[in-house]
Amino acid sequence: MENRRYTRREFIRNLSLTTFAGLSLPLLSSCTKEEAEDFLQKHFREMTKEEKKRVIEKLEQRYLQKYGRKFQISTQEAVPDTLWAYGLELSRCIGCRRCVYACVKENNHSRHDPQLQWIRVLRLKRGNLINLENSDHYYDPEIVPEKGFIYLPVQCQQCQEPPCVKVCPVHATWQEPDGIVVVDYNWCIGCRYCIAACPYKGRVFNWAEPNIPKEEINPSVHYLGNRPRMKCAVDKCTFCIQRVRNGRYPACVEACPTGTRKFGNLLDPNSEMRYIIDRKRVFRLKEDLGTEPKFYYFFEA
Amino acid sequence: MEKVTKAIVLGVLFLGACFTSLVSDAAEEFPVAPPPMTEGMFPCSSCHATLEANRKKRELKEEHTQIKLHHAEAMRWCLDCHDAKNRDKLRLYNGEMINFTESYRLCGECHGPQYRDWRAGVHGKRTGYFMGSGKRTYFLCAHCHDPHEPKFKPLKPEPQPVKPKDP
Amino acid sequence: MEKLQETLNETWHFYRRTLTLVARGSKLYYAWCFSLMAIIAVALLFYMRQHDLGLIATNMNDQVSWGLYIANFTYLVGAAAAAVLLVIPSYVYHFKPIKEIVVLGELFAASSIVMAILFVMVDLGRIDRFWHMIPFVGSMNFPQSLLAWDVLALNGYLFLNLLIPIYLLVKFYYRKEPNWKFILPFILISIPMAVAIHTVTAFLYNGLAARPFWNASILAPRFLASAFCSGPAIIIIIFQIIRKVSAHHMEIEDDALFKISELIAYAMFLNLFLLSAEIFKEYYSQTVHIASFRYLFEGLHGHKQLVPWIWSAMTMNIIAFIIFLIPQTRKRLTTLNFGCLLIIIGVWIEKGPGFVIPGFVPDPLGEIYEYIPNLLELMVSFGIWATGLLIFTLLMKVAIPIETGKFTHTEYEKEITAFRPH
Chain A
1 MENRRYTRRE FIRNLSLTTF AGLSLPLLSS CTKEEAEDFL QKHFREMTKE EKKRVIEKLE
61 QRYLQKYGRK FQISTQEAVP DTLWAYGLEL SRCIGCRRCV YACVKENNHS RHDPQLQWIR
121 VLRLKRGNLI NLENSDHYYD PEIVPEKGFI YLPVQCQQCQ EPPCVKVCPV HATWQEPDGI
181 VVVDYNWCIG CRYCIAACPY KGRVFNWAEP NIPKEEINPS VHYLGNRPRM KCAVDKCTFC
241 IQRVRNGRYP ACVEACPTGT RKFGNLLDPN SEMRYIIDRK RVFRLKEDLG TEPKFYYFFE
301 A
Chain B
1 MEKVTKAIVL GVLFLGACFT SLVSDAAEEF PVAPPPMTEG MFPCSSCHAT LEANRKKREL
61 KEEHTQIKLH HAEAMRWCLD CHDAKNRDKL RLYNGEMINF TESYRLCGEC HGPQYRDWRA
121 GVHGKRTGYF MGSGKRTYFL CAHCHDPHEP KFKPLKPEPQ PVKPKDP
Chain C
1 MEKLQETLNE TWHFYRRTLT LVARGSKLYY AWCFSLMAII AVALLFYMRQ HDLGLIATNM
61 NDQVSWGLYI ANFTYLVGAA AAAVLLVIPS YVYHFKPIKE IVVLGELFAA SSIVMAILFV
121 MVDLGRIDRF WHMIPFVGSM NFPQSLLAWD VLALNGYLFL NLLIPIYLLV KFYYRKEPNW
181 KFILPFILIS IPMAVAIHTV TAFLYNGLAA RPFWNASILA PRFLASAFCS GPAIIIIIFQ
241 IIRKVSAHHM EIEDDALFKI SELIAYAMFL NLFLLSAEIF KEYYSQTVHI ASFRYLFEGL
301 HGHKQLVPWI WSAMTMNIIA FIIFLIPQTR KRLTTLNFGC LLIIIGVWIE KGPGFVIPGF
361 VPDPLGEIYE YIPNLLELMV SFGIWATGLL IFTLLMKVAI PIETGKFTHT EYEKEITAFR
421 PH
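Protein sequences appear in the order of chains A, B and C. Note that the working numbering has the first sequence beginning at 1, numbered continuously upward. Note that the working numbering has the second sequence beginning at 1, numbered continuously upward. Note that the working numbering has the third sequence beginning at 1, numbered continuously upward.
No lab work stands behind these hints, which were simulated from the structure alone. Be a bit skeptical, because a hint or two may be false.
Said to hold, decoys possible - Calculated cross-link-like contacts (lysine-lysine; reagent style DSSO-like; alpha-carbon spacing at most 27 Å):
1) A:70 - A:53
2) A:147 - B:153
3) B:163 - A:105
4) A:125 - B:153
5) B:68 - A:125
6) B:153 - B:165
7) A:231 - A:125
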């Protein structure tokens with residue numbers, strides 16, 4: 001009896017030790033110094049200037065290796081006294097989707113598996129604007145606009161009371177002083193709670209490592225904006241943070257062939273956005289949810 | 001004394017000229033893109049300087065046949081906008097001549113609300129920088145609306161998003 | 001200091017002895033454990049594939065961004081909360097038949113919470129970054145984010161449901177009287193804690209204004225009602241299995257099972273009543289927000305994948321309610337077991353896929369995507385269920401001999417003295 005008990009105990013001990021050793025081996029071997037650094041990287045808002053610089057250098061190296069282009073990653077902070085807002089004139093949108101693809105190019109989206117698009121153009125039957133349940137996202141006619149339909153592009157509305165910021169369990173997304181809601185892609189844990197919380201489907205998820213064709217890469221990026229992301233992090237429209245903080249129009253504004261899209265600084269009384277809000281009939285989507293979006297839809301007059 | 005008076009008069013006239021040019025819609029106050037002219041058309045005076053102006057309202061059959069006028073053609077025709085004597089300029093209602101780069105002033109005479117909005121940047125298209133000293137480009141009316149046939153042509157839309165695979 | 005050293009020595013000695021206990025067993029025990037380990041191994045392989053490729057290996061996408069994993073998580077948190085239905089009769093009302101089995105119930109709650117936590121972890125896109133959620137080490141968004149609350153609540157409840165039973169078992173092993181002044185506060189706290197974990201889980205859905213299917217005040221009460229049906233139903237079945245297969249003839253009185261089933265009857269009534277309240281509100285006022293309900297119960301624009309599932313769940317729940325309501329069917333073990341099975345499956349459908357998926361259909365911009373879990377998600381889910389069952393089996397393998405008095409320190413000393421050479 002005693003012998004049997006001894007051998008069984010011995011057996012369990014050996015088994016547990018081997019399993020432990022076996023499991024730890026792959027863990028230890030795959031832990032290079034760089035991976036360890038990646039693992040321990042701090043939240044962007046808690047980094048010192050030097051740490052940010054180091055992270056940027058590391059990323060630029062990595063992007064150079066991966067895409068063969070020299071990247072300029074900016075960490076430019078918000079311009080003081082700015083609160084960015086967007087205007088979209090619904091009387092003019094023809095649903096051509098040029099904004100969608102201009103955004104895809106400017107912001108280094110994954111082109112396939114998964115295909116990420118920050119702007120979604122909805123086609124609605126005339127007579128119906130607010131109930132989005134009957135919208136069509138996949139319309140594919142020969143030419144647009146089609147008779148009897150209107151087009152409603154939707155993207156992140158950069159809410160002043162963003163529900164996504166409220167629900168993120170790790171503070172990976174926050175609202176910058178100039179009103180843009182940003183994501184620290186290296187801090188996001190991929191729980192997708194923010195995607196469930198967004199009433200506008202403004203946020204998308206990188207379900208796999210992004211597939212960006214090397215020749216279409218845009219190398220002037222912002223750390224919180226359009227730098228190439230990694231798998232299993234959330235991203236969203238950032239009002240082209242890499243452009244607007246330098247005073248340049250976002251890519252979708254420049255791409256629209258009918259002049260539907262407008263952009264400006266709400267705190268500047270001479271800006272286009274203030275002109276629109278003062279003189280046009282503006283409304284915002286799902287205002288009853290209290291999110292206070294800064295994306296104003298309007299009609300002529 | 002005479003010289004002094006002459007200087008003062010000239011000085012006042014000079015200042016007056018500057019002032020007037022500031023008060024009226026100054027030429028080229030917007031950084032517009034070059035007008036969308038057909039290749040080789042401008043300057044129009046290369047042909048029209050020698051041709052006699054025929055002010056009869058008609059449909060053009062010999063030249064400029066590719067231009068289809070669908071812009072209040074019941075009420076106006078070519079020479080209501082293009083100056084008859086100087087084809088390199090456009091003609092405003094009050095007789096003032098403007099360059100093609102200022103054509104928005106002509107459009108604005110009838111389309112006042114759109115002109116006001118265009119000046120504020122709310123109608124039409126602007127690209128480039130809106131803040132600071134970076135280059136910016138304002139599109140002329142003519143860049144989006146062909147002045148002879150202003151109605152927007154339908155476009156071929158970009159591809160639909162990939163539909164999520166049916167499980 | 002000496003006392004601490006002594007306690008540590010005792011605990012280590014106890015732990016070593018439990019390892020031998022766990023390693024020895026009947027053929028059925030070995031077959032059960034090894035088949036569970038096989039399932040876990042296969043699930044691990046599938047999970048590695050998901051870890052490599054990213055979550056694109058599942059059938060989730062931007063439209064339905066939470067699927068089978070979170071459905072199971074919701075169900076299991078409810079099952080764990082059900083331990084409170086054993087704790088209250090034992091420690092507050094001193095109902096003897098349940099008092100004997102409450103420790104096993106708490107260990108069941110602990111295994112359930114472990115499964116729930118595992119489901120959240122496999123659902124995370126970046127599991128290597130989960131340390132970002134640890135308070136003070138990472139940057140936990142407390143108190144704004146309900147997920148942060150959930151992490152704290154679940155881990156706290158797990159801690160309680162390990163501390164209490166293990167403390168009582170170890171004391172019983174050494175035939176010492178537990179220090180009730182020490183342990184009773186923990187026990188009493190675990191009662192509101194059980195309600196809290198499931199309320200927090202309900203709130204994390206409830207607070208999303210973007211999802212009208214979830215943004216209903218009735219959600220937290222509904223969660224608790226369905227939890228108090230499904231959890232005890234699992235407990236009833238498990239305890240009967242234990243009664244049958246345990247080599248130590250664990251005495252679980254039928255009265256305990258009947259008392260629990262009585263509580264299930266009340267909870268199921270509440271569940272059905274709250275469900276009818278929701279259905280009335282949606283179908284009478286008929287706002288746009290009825291869309292998700294329509295998708296679930298009737299089908300929306302031709303998409304009706306979940307319709308047969310939810311109607312089977314409703315039928316199962318109602319039949320089970322009737323079985324539990326009538327004392328004759330409730331007090332007969334065959335019908336009782338049938339009712340329990342119906343509730344376990346019915347509530348799983350209602351609370352898992354029948355709750356998580358309609359929240360995403362239609363999505364905030366009106367798009368409809370019908371989600372079915374793919375093989376990878378199914379295998380990983382089976383693996384986690386197998387993990388929970390394995391953990392529970394091993395815990396029972398130690399707890400039952402202690403409870404029945406076969407595995408005690410005095411018994412061990414007797415054996416040692418018997419074999420010690422004179």
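Verification of the hints:
1. A:70 - A:53: Holds, at about 16 Å.
2. A:147 - B:153: holds (13 Å)
3. B:163 - A:105: OK: residue 163 of chain B and residue 105 of chain A at ~20 Å, within 27 Å.
4. A:125 - B:153: holds (21 Å)
5. B:68 - A:125: violated (33 Å)
6. B:153 - B:165: violated (34 Å)
7. A:231 - A:125: violated (37 Å)
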